[in-house]
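**Q** Now for the letters of each chain:
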Amino acid sequence: EAGVAQSPRYKIIEKRQSVAFWCNPISGHATLYWYQQILGQGPKLLIQFQNNGVVDDSQLPKDRFSAERLKGVDSTLKIQPAKLEDSAVYLCASSFGGYPNYGYTFGSGTRLTVV
Amino acid sequence: DQQVKQNSPSLSVQEGRISILNCDYTNSMFDYFLWYKKYPAEGPTFLISISSIKDKNEDGRFTVFLNKSAKHLSLHIVPSQPGDSAVYFCAASVLNQGGKLIFGQGTELSVKP
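Residue numbers (our numbering), protein chains in the order written: chain Z, 1 to 115; chain W, 116 to 228.
The following block holds chain W by itself, in its conformation from the complex:
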């Protein structure tokens, strides 16, 4: 039972343009969502998060949007840079249940110069 899904295994974007990564979830109990970035041979590093009481959170070039009714979130990167090339994981959690993260399958972003 895949509770968190990232349906695009890969995405290729031109430098300077917008990258949009999508994530869908099925469990309505999730109340906290995170995006992680992962380079090869490294662990996931935290990028940005959003609580279910919000519909948008912004940090520099990164913005996460949450649509609770559609059970959908997206990560926007503007402008995209070659250093953003990595695998991006969406993760979901229920805050009062110990910090267990449920991850999507990941989307590999390639930003071309």
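Chain Z with its partners taken away, still in its complex shape:
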């Protein structure tokens, strides 16, 4: 079974530039999550999708971050404009039905450096 695919693996941008990350979940997984992991901290949920609808985006800085999941499969996370504090690893995860004990799988992440 193919895992959760994310691209790019690494990205370096200057502050105030924009950037986008892509995630392809495991086939058949209805629920998709984006987490942000800042160095020295644990991952923090940014947004959760159930199919193509948003379930939880309470921790998403909506003035600069946006995310979409067209057709309930792939998802993109965008930052515009980026700030220095956005430097982090962005992890995508997916699961069958929104339960942590049922196929919850993380991708390898995209490491973003904002200079």
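Be a bit skeptical, because a hint or two may be false.
[Said to hold, decoys possible] In silico SDA-like pairs for lysine to any residue, Cα to Cα no more than 25 Å straight-line:
hint, chain 1, residue 1, chain 2, residue 2
1, Z, K83, Z, P61
2, W, K215, Z, F96
3, Z, K78, W, A156
4, W, K152, Z, G97
5, W, K171, W, D146
6, Z, K11, W, Q220
7, W, K152, W, K215
8, Z, K44, W, H187
[Stated by the list, open to error] Taking CB as the label site, the calculated pair distances span:
hint, chain 1, residue 1, chain 2, residue 2, range
9, W, V209, Z, P61, 19 to 25 Å
10, Z, I12, W, Y154, 21 to 27 Å
11, W, Q118, Z, P8, 29 to 35 Å
12, Z, I12, W, Q117, 25 to 31 Å
13, W, G131, Z, P61, 42 to 48 Å
14, Z, G72, W, N182, 38 to 44 Å
15, Z, V115, W, T141, 35 to 41 Å
16, Z, E85, W, H191, 34 to 40 Å
[Stated by the list, open to error] Beyond 12 Å from chain Z on every Cβ pair, some chain W residues (computed):
hint, residue
17, S184
18, K186
19, S200
20, P228
Calculated directly from the structure, the hints in this document are not laboratory data.
We treat Cβ as the ideally placed atom computed from N, Cα and C, and that holds for glycine.
Assemble chain W onto chain Z, guided by the hints.
**A** Same frame as chain Z, now just chain W:
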């Protein structure tokens, strides 16, 4: 508000000995707990979990203990192997709230030969 805490940033253990990683939580609504292992440049991989209706779950060399009254859980690795060297994250969830995981800060385990 840090709902899940791992107070030890690092732990060093000799190969063959027991590794004990600790985690504390504050939210009494959490009813499912997980441990993840993370190697550099990889995503977290699931290791073991426990429901709040249990106080122990075992899988091979890995055992998780849950003390609900103390809001504390621990991961025991016996015997520890050099390949266990990684960052370990404790995570907590409320099962009927969509699968959102609240993570601790992580503990870096180093197992020395």
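**Q** Hint by hint, note whether the structure agrees.
**A** We went through each hint and held it up to the structure:
A distance of roughly 12 Å separates the Cα atoms of K83 (chain Z) and P61 (chain Z); the hinted pair therefore holds under the 25 Å criterion. This hinted pair checks out: K215 (chain W) and F96 (chain Z) have alpha carbons roughly 13 Å apart, not beyond 25 Å. At roughly 21 Å between alpha-carbon atoms, K78 (chain Z) and A156 (chain W) fall within 25 Å of each other, so this suggested pair holds. A C-alpha spacing of about 23 Å is found between K152 (chain W) and G97 (chain Z), which places the hinted pair at or below 25 Å, so the restraint holds.
For the hint linking K171 (chain W) to D146 (chain W), the alpha-carbon distance of about 14 Å falls within 25 Å, and the restraint holds. In summary, the hint linking K11 (chain Z) to Q220 (chain W) is supported, as the alpha carbons are separated by about 24 Å, within the 25 Å threshold. Note on K152 (chain W) and K215 (chain W): the hinted pairing holds, with a Cα-Cα distance of about 18 Å set against a maximum of 25 Å. Under the criterion of a C-alpha separation no larger than 25 Å, the hint pairing K44 (chain Z) with H187 (chain W) is consistent with the structure, at around 20 Å.
The hint said 19 to 25 Å for the Cβ distance between V209 (chain W) and P61 (chain Z), and at roughly 24 Å that hint holds. Taking 21 to 27 Å as the suggested C-beta distance range, the pair I12 (chain Z) and Y154 (chain W) conforms, at roughly 22 Å. The beta-carbon spacing between Q118 (chain W) and P8 (chain Z), approximately 32 Å, falls within the hinted interval of 29 to 35 Å. Between I12 (chain Z) and Q117 (chain W), the C-beta spacing of about 30 Å keeps the proposed range 25 to 31 Å intact.
A beta carbon spacing of about 46 Å between G131 (chain W) and P61 (chain Z) agrees with the range 42 to 48 Å that was offered as a hint. In this structure, G72 (chain Z) and N182 (chain W) meet the distance hint of 38 to 44 Å, their C-beta atoms being roughly 40 Å apart. Checked against the hint of 35 to 41 Å, the C-beta distance between V115 (chain Z) and T141 (chain W) comes to roughly 36 Å, which is consistent with it. For E85 (chain Z) and H191 (chain W), the Cβ-Cβ distance of about 36 Å falls inside the hinted range of 34 to 40 Å, so the restraint holds.
For S184 (chain W), the condition that its CB be more than 12 Å from all CB atoms of chain Z holds, with the nearest at approximately 23 Å. Listed as a non-interface residue, K186 (chain W) keeps its Cβ farther than 12 Å from every Cβ of chain Z; the least gap is roughly 17 Å. No Cβ of chain Z comes within 12 Å of the Cβ of S200 (chain W); the nearest lies about 18 Å off, and the non-interface call holds. No Cβ of chain Z comes within 12 Å of the Cβ of P228 (chain W); the nearest lies about 27 Å off, and the non-interface call holds.
Violated hints are absent here; each numbered hint is respected by the structure.
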